[in-house]
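J.: These are the residues of each chain, in order.
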Amino acid sequence: MAPDSGRPAPGGVILEVDGLTMRFGGLTAVSHVSFTAARGEITAVIGPNGAGKTTLFNCITGFYRPSSGAIRLHRPGGPPAELHGLPGYRIARAGVARTFQNIRLFPGMTALENLLVAQHNKLMAATGFGIGAVLGLSRYPRAEREAIGLARHWLSATNLLDRADDPAGALPYGAQRRLEIARAMCTEPALLCLDEPAAGLNPRESEELARLLLDIRGQGTSLLLIEHDMGVVMTISDRVVVLDHGKLIADGAPAAIRADQKVIAAYLGEGEEDEDLEVEA
Amino acid sequence: MSPAAAIRDAAIAAAVAFGLFAMLVGLRTEIGPQSNLILRQRWAAVAILCAIVFLGRLLITWWLGRRALRPTTAAGPWTARLQQAGRLFAPAMLALALLLPVLPGVGRYELDVGILVLTYVMLGWGLNIVVGLAGLLDLGYVAFYAIGAYSYAIFAQYFGLSFWICLPIAGILAAFWGVLLGFPVLRLRGDYLAIVTLAFGEIIRVVLLNWTELTGGPNGISGIPRPTFFGLPFNASGDPDSFAGFFGLEPSPSHRVIFLYYLIFALALLTNWVTLRLRRQPLGRAWEALREDEIACRALGINITTTKLTAFALGAMFGGFAGAFFATRQAFISPESFTFIESAIILAIVVLGGLGSQVGVAVAALVMIGGFEVFRGLDEWRMLVFGGAMVVIMVLRPRGLVGTRTPSIALGKRRAISGDLVGEGHG
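In order, the protein sequences belong to chains X and U.
Residue 66 is where the first sequence starts when you use my numbering, and the numbers rise one by one after that.
Residue 14 is where the second sequence starts when you use my numbering, and the numbers rise one by one after that.
Treat each hint with caution, since some may be false.
[Claimed, not checked] Footprint (simulated), chain X over chain U, 3 or more residues, beta carbon under 8 Å: (1) 314-322; (2) 341-353; (3) 413-421; (4) 431-437.
Honestly, the hints are just simulated from the structure, not real lab data.
Glycine included, every Cβ here is placed at the ideal spot set by N, Cα and C.
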């Protein structure tokens with residue numbers, strides 16, 4: 066049940082976004098964006114506010130149906146899953162988990178219950194889809210013990226084990242962020258998508274988060290994250306993709322992105338006076 | 014609040030009261046001696062009313078001021094006390110319900126009230142699955158009750174099937190209609206869902222009223238076969254084929270009543286057992302998660318469509334069982350028994366009891382249905398007492414009698430979760 070230890074050799078593509086366009090009426094939020102995320106790596110998507118990062122995320126995780134283009138999740142030993150054509154819940158089953166910019170836990174349920182809901186499909190199959198479980202004729206007890214084991218693993222990885230029986234809504238903000246990541250990991254995803262996981266965290270919590278994300282990568286899950294905290298992005302990302310006004314403007318290693326003129330221009334505004342640049346830099 | 018501020022606040026309230034009462038009470042037109050209109054002034058009455066408002070407002074301020082308001086997420090003292098009592102309370106109620114027919118002083122009337130209360134307990138528990146656990150506001154629950162009742166009546170009348178065969182059929186048919194209702198309303202939430210379910214309840218009633226060939230229309234269906242004790246009918250003949258004759262008992266009409274009582278008791282317990290069991294299963298947890306946050310459920314790979322439909326179907330099935338029981342008990346059904354007020358009463362039971370709480374719903378059913386019978390002597394004042402009691406409960410305990418949620422699983426000790434954190438569902 067515990068994920069494999071040791072980081073798998075990076076290699077191969079896990080997510081392929083190909084010519085993705087998303088229009089809302091007359092507004093094109095994402096326009097012909099193509100990039101790939103490598104297996105076993107952390108890929109960051111950055112860009113100024115309104116660049117289309119969350120729209121891109123919502124397309125990948127099935128909350129929006131893209132206007133055109135393709136999103137493929139590559140799986141070892143099988144054909145790629147065409148995420149752009151799957152309903153939302155199927156995408157999660159295909160191996161893509163996500164967190165939300167504004168935390169979406171189940172506030173009235175305990176931390177442990179939150180993590181068990183995440184393992185719903187696995188447990189549901191073990192109960193014989195509800196019928197066997199009511200009659201008590203199933204492999205359910207063993208499946209539940211295993212599910213609790215996995216939940217315990219992620220609770221201790223996120224340092225929440227002593228809060229397992231507290232309602233999620235009563236946890237402090239930083240703990241809620243960590244619990245949401247633990248919940249996403251309980252779906253045992255191949256790709257974890259994080260929408261601004263460091264938002265609202267203090268520097269120490271951000272550092273802990275960075276360690277947690279590296280740990281998750283080490284256990285064999287690839288990550289895709291949207292983040293504004295450049296400290297976090299530049300230290301942990303293997304690759305950075307930059308969006309501006311819905312278009313992909315840069316794609317490369319963090320060091321290269323930091324030096325990219327187009328990225329600097331997008332963040333600081335093109336054609337501005339030099340004084341402004343100095344002030345903001 | 015300081016005394017000066019409290020007096021000023023009360024004075025403002027009195028001024029508002031004066032504004033209202035000056036015209037409504039202070040001036041009255043009457044027919045004078047020459048049958049002309051004259052204006053009578055009643056300023057004394059206005060002064061008394063304003064004084065009452067002034068003093069009342071002052072008292073409220075003083076009363077609220079005594080209790081300092083402290084924000085807390087822990088369950089309140091009331092809740093803790095109720096929980097302590099609750100541990101003993103539920104088994105005690107169960108024992109009382111089990112022994113009711115043999116208790117001294119319990120006659121036909123008390124048993125009939127007991128049957129009525131248990132029917133509503135069962136309906137409340139059935140609706141609790143839909144409203145309390147899955148958070149889907151259903152204002153048309155009585156439709157499934159009606160479908161169950163008519164299914165039994167029609168199958169028993171036209172095909173001569175026995176109660177024990179018709180009972181599952183009634184449940185399955187009600188569940189089928191639950192799914193049928195579920196499909197179109199899956200996208201709707203909150204108020205919109207409530208309106209559509211309300212309409213569904215009315216549609217079923219209107220169909221029953223107008224499909225005269227099948228349902229008898231407003232005349233209903235009469236002469237519905239009474240239940241048998243596994244094939245042994247209850248009658249006064251004393252034949253070896255009858256219940257009394259087979260067991261060598263003195264034939265008595267109370268046998269049937271006692272049997273009906275235990276029948277609905279068993280059906281209600283079945284509802285409770287299934288609900289309690291499912292709550293600890295992935296399906297029940299998914300219902301509660303759906304109530305808390307639907308979007309997060311989708312992101313976790315939970316199929317919202319089927320999860321909602323199972324809640325609708327299961328809730329409807331228990332409504333159907335209760336309906337079949339109702340039909341066999343009454344031996345006569347008509348669309349009049351399945352009006353919107355029934356849905357409203359069942360929903361009120363669930364809300365007063367506390368969404369998602371089994372014990373709370375049972376107590377609320379006892380208080381509402383049993384209390385309604387007890388206060389029969391109050392005649393037209395009954396509704397007033399009743400409405401007042403409901404308002405008082407909702408003021409004192411806004412989340413229902415049992416407003417807390419017990420976690421379905423825990424690593425350590427299970428601690429109740431304050432109702433403030435638990436979602437109410439958005440449809």
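J.: According to a criterion of three or more residues whose C-beta lies within less than 8 Å of a C-beta of chain X, is the stretch 431-437 of chain U covered?
T.: Coverage by chain X holds for the stretch 431-437 of chain U (4 residues, Cβ < 8 Å).
J.: So is the stretch 314-322 of chain U in contact with chain X by the C-beta rule, three or more residues under 8 Å, or is the coverage claim wrong?
T.: The restraint on the stretch 314-322 of chain U holds, since 4 of its residues have a Cβ under 8 Å from chain X and three suffice.
J.: Would you check chain X against the stretch 413-421 of chain U, counting CB to CB pairs closer than 8 Å, and say if three or more residues qualify?
T.: Answer holds; 3 residues pass the 8 Å Cβ test.
J.: Examine the stretch 341-353 of chain U: at least three residues should have C-beta closer than 8 Å to a C-beta of chain X.
T.: Contact hint for the stretch 341-353 of chain U vs chain X: violated, 0 residues under 8 Å.
Checked against the numbered hints above, the structure violates only hint 2.
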